[in-house]
Every structure is written in C-alpha cells, then in structure tokens.
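S.K.: So the chains spell out like this:
Number of protein chains: 2
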Amino acid sequence: MAKQKKQPRPKAITPKGFRDYFGAEVDERKHMLDQIAAVYHRYGFDALESSAVETVEALGKFLPDVDRPNEGVFAWQEFDEKDNGDWMALRYDLTAPLARVYAQHRNDLPTPYRRYAMGPVWRNEKPGPGRFRQFYQCDADTVGTASMAADAEICAMLADTLETVGIPRGDYLVRVNNRKVMNGVLEVMGVGEGPEREAVLRTIDKFDKVGEAGVRELLGKGRLDASGAYIDGVGLSDEQAEPVIAFLTSKGATADETLTNLRAAVGESAVGAEGIAELEQIADLLAAQGYGPDRIEIDPSVVRGLGYYTGPVFEAELTFEIQDEKGRPRQFGSVAGGGRYDDLVKRFTGQAVPATGISIGVDRLLAALRAKGRMGGKAVGPVVVTVMDKSRLADYQSMVTELRQAGIRAEVYLGNPKNFGNQLKYADKRNSPVAVIAGSDEFDAGKVQIKDLVLGAKIAESATLEEWKERPSQFECDRADMVAKVREIIEASDD
Amino acid sequence: MAKQKKQPRPKAITPKGFRDYFGAEVDERKHMLDQIAAVYHRYGFDALESSAVETVEALGKFLPDVDRPNEGVFAWQEFDEKDNGDWMALRYDLTAPLARVYAQHRNDLPTPYRRYAMGPVWRNEKPGPGRFRQFYQCDADTVGTASMAADAEICAMLADTLETVGIPRGDYLVRVNNRKVMNGVLEVMGVGEGPEREAVLRTIDKFDKVGEAGVRELLGKGRLDASGAYIDGVGLSDEQAEPVIAFLTSKGATADETLTNLRAAVGESAVGAEGIAELEQIADLLAAQGYGPDRIEIDPSVVRGLGYYTGPVFEAELTFEIQDEKGRPRQFGSVAGGGRYDDLVKRFTGQAVPATGISIGVDRLLAALRAKGRMGGKAVGPVVVTVMDKSRLADYQSMVTELRQAGIRAEVYLGNPKNFGNQLKYADKRNSPVAVIAGSDEFDAGKVQIKDLVLGAKIAESATLEEWKERPSQFECDRADMVAKVREIIEASDD
Chain A
1 MAKQKKQPRP KAITPKGFRD YFGAEVDERK HMLDQIAAVY HRYGFDALES
51 SAVETVEALG KFLPDVDRPN EGVFAWQEFD EKDNGDWMAL RYDLTAPLAR
101 VYAQHRNDLP TPYRRYAMGP VWRNEKPGPG RFRQFYQCDA DTVGTASMAA
151 DAEICAMLAD TLETVGIPRG DYLVRVNNRK VMNGVLEVMG VGEGPEREAV
201 LRTIDKFDKV GEAGVRELLG KGRLDASGAY IDGVGLSDEQ AEPVIAFLTS
251 KGATADETLT NLRAAVGESA VGAEGIAELE QIADLLAAQG YGPDRIEIDP
301 SVVRGLGYYT GPVFEAELTF EIQDEKGRPR QFGSVAGGGR YDDLVKRFTG
351 QAVPATGISI GVDRLLAALR AKGRMGGKAV GPVVVTVMDK SRLADYQSMV
401 TELRQAGIRA EVYLGNPKNF GNQLKYADKR NSPVAVIAGS DEFDAGKVQI
451 KDLVLGAKIA ESATLEEWKE RPSQFECDRA DMVAKVREII EASDD
Chain B
1 MAKQKKQPRP KAITPKGFRD YFGAEVDERK HMLDQIAAVY HRYGFDALES
51 SAVETVEALG KFLPDVDRPN EGVFAWQEFD EKDNGDWMAL RYDLTAPLAR
101 VYAQHRNDLP TPYRRYAMGP VWRNEKPGPG RFRQFYQCDA DTVGTASMAA
151 DAEICAMLAD TLETVGIPRG DYLVRVNNRK VMNGVLEVMG VGEGPEREAV
201 LRTIDKFDKV GEAGVRELLG KGRLDASGAY IDGVGLSDEQ AEPVIAFLTS
251 KGATADETLT NLRAAVGESA VGAEGIAELE QIADLLAAQG YGPDRIEIDP
301 SVVRGLGYYT GPVFEAELTF EIQDEKGRPR QFGSVAGGGR YDDLVKRFTG
351 QAVPATGISI GVDRLLAALR AKGRMGGKAV GPVVVTVMDK SRLADYQSMV
401 TELRQAGIRA EVYLGNPKNF GNQLKYADKR NSPVAVIAGS DEFDAGKVQI
451 KDLVLGAKIA ESATLEEWKE RPSQFECDRA DMVAKVREII EASDD
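Chains as they are written, first to last, in our numbering: chain A, 1 to 495; chain B, 1 to 495.
Chain A with its partners taken away, still in its complex shape (with noise of 0.2 Å):
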C-alpha cells in the first residue's frame, strides 16, 4: 500500500503587510487612547463603536465598477445561493461609517451629535516598511451644525490632546485653512474643474518640499528635480501664477497680517471672501480662549489630499526634528488631520449635513513619542516566585495569592524547575524586579529568600560591588515579613 502523502504544515506567519503587538507596545497605545478619550469626554464627545464591517454600498468611496471592488479596500461577497449576496468590506477610515451611523440613527441622536471613535482601519494598499495594512485611528467630529465654533472647538481640543499625551507646547503646531479660499484663488485665475485644477493642487501641494520658486516653475513651464529628471510643469504664465504664489506666501507674522495677505489673493471672489470668513471666526473664537500662535496658526499652504473637504481644514504637526533611517534630521511631521465636509451624509439621506472633524493617527503618535525617549521604557514584570520543591506548589501559589492581593504582579514559574537557572534566566526575560526562593531549609525556618533582580542588574552593569554595599541583593526574611520586603524593592527601583 502506498504511504499517505502527509498535509504540509501550515505556516506560521501574519498575512503581509499585518503585524502583532506584543506586551508593553500594547499597553502603551491603551494609555495613550485612554488619555485621548478623557480629552474628548472632557469636551463633551460621545463614544460611538460602529462595526468593523460595512457594505460596500455604504462606504461609498470604493463603489464596485467590477466584479471584485477590492481596490483599495478588504472586500467579500456574502454568500448567496444566486451569487448574488452583498458585497461587504472592512471600514478603511472611521469618518465614512460615521456618515452612515448618522444617517441611519439621526432621529434618535442629539443635534449637534458630538461623537469620537477609535480603533482599527483596514487599507489593501501594498505594505511597505513601517505602512501596515491595519493601523489605529482616534477621530473626533461634530455633526449637524455649519457654525466655526464646532471648528474651533476641534482645533483647540486637538491641541489640548496633543499637551495631554505628552507633546509640549512648542513641539507642535495645529495649522488651519480653508478650501473656499484655495478655490477663491483658482476662480481669480480662471482655473475651473477638470485636470488643470488638479494639476495646480497637486502643485501647492509640493509648496512645503520645492519652496516658492520651485512652485513657480511647476505651475510653468516645468522643473528639474533633485534626481535629474525633469517635471512637466502646468503651463500658466507668470501673470495667471501669480495670485498661487500671493496664497502659499500669504502666512504673516499673525493671523490679522494672513488675513489682510489672503483677501488680496481672492481679489473679488465671493467664495474667497467666505472662506477668509470662516478662518477669522475661527481665529477670533480661538484667541479669545487663549490658544495663540504658539498652538494654532492660519498657515495657507495646509491642502489635505480628500476631495470631500467643503471649508476648513486642519493639521497637526510636530515641530521637533528626528533622525531618519539614514541619521540625517527631519521634522517629524503630520499626526493628524481633519476638516469640514458638509456632504457626506447627504449620500444617504439627500440633505444636506454638515459635520467637521479630526483624525489623530496614533500609531505615528506613539512613534514620535518614542523618538523623543518619552515611552518605550521596558515594562516592569511580575514578581517570580520559583519552585525549588515540586511537591511544594501549593505553598507557591499561597506565595502569589498573598502578594496580588497586596496589589503587586506575582506569579509562579510554571516551566520545568529541575534547572534552576533557567527559572532566574526566566525573571530576566520577564524583567521581574524580584524573585523569592523557598526550599525545605526555608519552610522548615519559616524563612523566604528575596533576590532583588533590579540591584542585581545594576551591579551587573557597573561590576562592582562596592556602591551598592547598603542594600544586598539576595537576603532571607521571615515568611511573614515577605510582602512588605518584596514592597520595599519594588519601591525602591522605581526611583
């Protein structure tokens, strides 16, 4: 009879482009979100949790035009006798279900709706280092009021949000602007929709990499770029790029000099003009609570790729410089971004509902964090009770029991005790603080063994003894006295 040819082992590894998180990377992001959320409630924004999954319907963005509308989104067809199910999708951003929520639950919502929502978003983009496929987003919006104020209020609880997770005044800077004043200046210029707009967006968009002149010859005849190769330009003459180059330079030394900058930009156009409005109020409602230019500032140059922004805009940037993987510094750059978008719900419901809002992308956030050296501290572990007597693990347990209730993170060790090394090389993973060892010499005495595993691994480090004389890195004490021993190390290292 022939051998049954053997199934292969499947393999152990994420889908790519997907990643765990392991430990205190996990517990991290959780404080992190929990700091944003207390920011939001605080401002009176309600939790919203909607499902992970939508219809590819209600997403919008990603309509099917064939068979498989999986560009740029996860997307299934529910299963159906006639093959004819659904198609259904992962939600790829937590602003297009909210557009959903709303229209399905506005009668039974407040108005205005102040909601917030974080967690997982899913892209089928191609992944590369450091671009996952599923990453956190924390958003914030305000839905069914047109007034400037809910815009303030998102600058300003941004801001305070960005100061809460640790990011000083200074490091940042929340930057405004306004749609209806870019599209002013394209109606002075004469540039209506179709490809030359977006030819000219995509320019101001360079504005912060190529600088004024390099704007200036990108919307003219073209220019040659650091590699050598040179870029079509749009082809204006200099007259028609001119009201361009007054908006992107239009940033003064406060927001009255901007503005004054930017009503000679739109000349007389009537949307110029209201979106010069708009970003007044806002710097008005803004001033008069105290955020200055220090924290928030009408900077022209703000675009924001998404279409759907109808007025203001905003983005938060740190200012601080980091290395890049080449060591050379760089600005860290955006951690979030949002706006004013009055016709997402109006897909739904065929009226028309304003809403604003930001995202905050927490992932990046929490990397900034950490290339400044304010998190990514190793964890602390728990407390290790090891076995020296197999026959004894009742009394281990007791051990443990005793000090959790006490507050502080205890275990046993549960792999094999015959080689007692491998049970403090085991704390040492672990980063345990302490380890206490019990043998029948120390049951019978009623005694505990305490090894302060954070002294040991300073004597490790510094080879010597001689400082740390004061406080001995293994001693006994009475069983009785073990908490309040194991109490005493634990507070010390925290020093």
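Calculated directly from the structure, the hints in this document are not laboratory data.
Among the clues, some could well be false.
Identical copies look the same in the list; a pair holds intra-copy or inter-copy alike.
Stated by the list, open to error - DSS-like cross-link-like pairs, simulated, lysine-lysine; straight-line CA separation at most 27 Å:
(1) 11 / 221
(2) 346 / 16
(3) 82 / 126
(4) 209 / 30
(5) 429 / 390
(6) 372 / 221
(7) 346 / 209
(8) 346 / 11
(9) 485 / 447
Following the hints, put chain B in place on chain A, whose structure we already have.
M.R.: Using the frame of chain A, we list chain B on its own:
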C-alpha cells in the same frame, strides 16, 4: 435629450448581523475590559494584540476545500494577477491566532508564555435575535507548560475576575471537568472514535436539560421530547449506558467524594485515571489557596463543545435567575469557558506545546450585569452652556474652557440658537446635569444663570415643588462663582 438616470442613494444600514454601540454601551464595555485586564495583569499575564486578519491556512479550522472558504468565517482572496493570491480571513476567536503567534515568535517569548488578549472576533453565521456576527472576547492563556498549576491558576483568576467586574460570590460557579475522564468512561464502554462516540458526547451535553432519565432514554431507544417529536436514541443497552450515567451523576458534596465516584466510573482505564489525578491536583492547589466549592467545583457534567480540548475543561456559570423574553425565570448560564489544548501549536511546529486558557464572553457578561440592574444607568451628560446671544460665542467658549479646566465635562450648544426651548431639549437628550444661561443682562451685571436639570427632572417626576424648597432649580450667581456652583450641583446629584 433623455433625462439622465439618477444613481439611487446608498442605504444607510449596518450589514446583516452587525450593530453599532453608542455612548454608555461603549463606556461600560471598556470599563469592564479594563477591570478584567487589571486582574490578568496582576496574575503576570502580558497583553497581546494580533491582527484581525489571518491567512486561512494559519486559522486552519476552516481550510478551503472549495473555491470560497467562507463557511463560518469571513474570507477573501488576496488580489493577484494570476488569481492565485492567498486566502485571508477575519479571526473567529483569539485562540487560533495565539497558536500562530506562539509558533512564529516562540524564540523571543518567555516559556511559559502567559498572555491575555481582548477584542472583536467575527463569525460568518446566520444572525439571530441577540446573536451578532461581530462580538468581543477576552482571553487568557498559558502556553508552554503541562503543569496543572497553570490550569488551577486560570480557574482562580476567572473567579477573581468575575468578582472584580461585579458578580458577587454565590452568584457564579466555576465548574471544572477533564476530557480524559470522559475518554476513560467511553473506553470502559467500548465506544471508539466515530459517529457513535459523537452521538454519546452530544447526549452527555444534554444532561443539564433532560436530566438523568432523559439521558438514559437518549442513550437507549430514544425519547419523546417536550414538543412531541420523537428523538432517536444512540441504541446502547442499559448495561452499556451505565458508565455514562455513573459519570454524569458522580458529583458529590465534596471534591473528594466526586473523585471517588469518578474512580468507580472509569474503572481500569489508564487515561481515565490520569484525568482523575489531574482533577485531584487542581482541586488540591485551589483548596490550598482558599478557593472552595462555593467558587470552583469539580463537575463531571461540563462538556464544552470544542473538539480541541485534551485535558481539563472549565466553564463559568452565573447561577442567579433572570427572566426570559416571555417573563419566565431561567438561569443566566455560561459566561466563560476554556480548557487545556495541547495540540494547537503542534499544527505549525510539529512539536507538542502544552497550553491552557479561558475565554470570557464579554457581551454576555455585560448583559448579565444589566439584567441584575448593576449596570446600564444612563450616563451623565456634559454641562451645556446655552447660547442667548450669538455674538457672544467667544464668551460662552471661555465658560466651557474654565469648566473643563476644572475637570468638568462641558460644551457650548452649537445648534441653531434661535429657539431657546430646543437648547433645553438638547440638554435633556444629552442627560446634562446643568445648563448655564447668560444673555446681555447677565453679561452686563457680571452674572450667570445656573439651571439645575437633575432637580428639574425630579420636580417634574413628583409634580410638587414642596420637598425641593431648599434647593432652587434655577438661580443667578456671580460669573466668578460659576465653576464652584456647577460643581456643587454635580456633586449633590451624585449622591
């Protein structure tokens, strides 16, 4: 020219079997998850967050034997130009991903590895009332040790967790059984692998419902059930069925008594004796730590559906009664379950890796606390600063800023301020404790009006002002005293 056909509007609905969670629902679940995580952490378990998406190959249980492997899971094929992409799926539990994570990262992880995980899982099942296709699980597992101390620890931790989230001792019971004992019973009966064994196991699982006499009938010729339908029996003789009955009814008044009865039930079976020895070890360890049968007991009727358990199995049951949809009393039942599964990691590595763990059904546990009235109070909303004079928005914003800085949740009304009644209706919908009111008279005099909405609601309820004489429902105070006066009302209504 023919009128262009309009695109129909998308429907604003969640996909079938999914739902949204609002405000207090999200907060209450988060609070419970935080409480559970704190207990798990104190026991030395580390957080793990694996990706929501896994390869179908790694998930294993639902390997594709057809083109579309979506039986039970939500799955899709990665796009690939040759239509040859990997199948991916949403995780259906947190255990299968743990096995994959441990196999993938085992060289970097401590052994034993204690980990906890909490988050949504997805099941592609027919939705029903109260039965959703996305729900939360909250797991703790110890991988890499065969010691029964790991199983005992999981049971003790489960009892601690239930008490921590608000289920008092006496209202729950952790029941422990062992697959090996059941296998021993089947061995004694001469029932091998196959359909007969499956039928016997299914019958054992019905013991809770049909009792001893019912099981006797179902193991024999069959049984007329309550609806009048005849259920075919397994077809065993009375003599053959006896060991099952002895096993199911072996629960004694104490663990010792139960173990003695079980010994009789498994007779000469070696695997049965092994299972009993394991139960005995668990019972001894728990007794030494003070976990008596009022919290954790050996109960031979616990089966647990999943086929992958290889030793001890656990179930946490809430023992109090609730009312079903028709107002009849019934026991609340199971809220958590788990057991030892020694073969899941082996699928990947070829080497046996013992593991044991527990999964808490968080949504069911929340439902239990709500049924007992221990949760589900309406969340307190923010203080609402109303808008009497639109030109004073900056002043209203300053008021909420002051309140927030004092730690009080507060917001400005941002709807259309024309109809003041709507502002109070909004505050009511938000469950606000206080409304702050200031028009030009108040601004001129440096005053604000404070409206106590909690008291207002109480007066409306009892329809008399008499008993509330001491506490006016609306009063004027100096603008400088606003924060203190608001705080007084919030603190008084907390009582």
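S.K.: Would you mind marking each hint as holding or not holding in the structure?
M.R.: Now for the hints, and whether the structure bears them out:
| no. | hint | verdict |
| --- | --- | --- |
| 1 | 11 / 221 | neither (53 Å within a copy, 47 Å between copies) |
| 2 | 346 / 16 | between (36 Å within a copy, 23 Å between copies) |
| 3 | 82 / 126 | between (33 Å within a copy, 17 Å between copies) |
| 4 | 209 / 30 | neither (34 Å within a copy, 42 Å between copies) |
| 5 | 429 / 390 | within (22 Å within a copy, 61 Å between copies) |
| 6 | 372 / 221 | neither (42 Å within a copy, 74 Å between copies) |
| 7 | 346 / 209 | neither (36 Å within a copy, 52 Å between copies) |
| 8 | 346 / 11 | between (46 Å within a copy, 12 Å between copies) |
| 9 | 485 / 447 | within (12 Å within a copy, 57 Å between copies) |
In summary, the structure is inconsistent with hints 1, 4, 6, 7 from the numbered list given earlier, while agreeing with the others.
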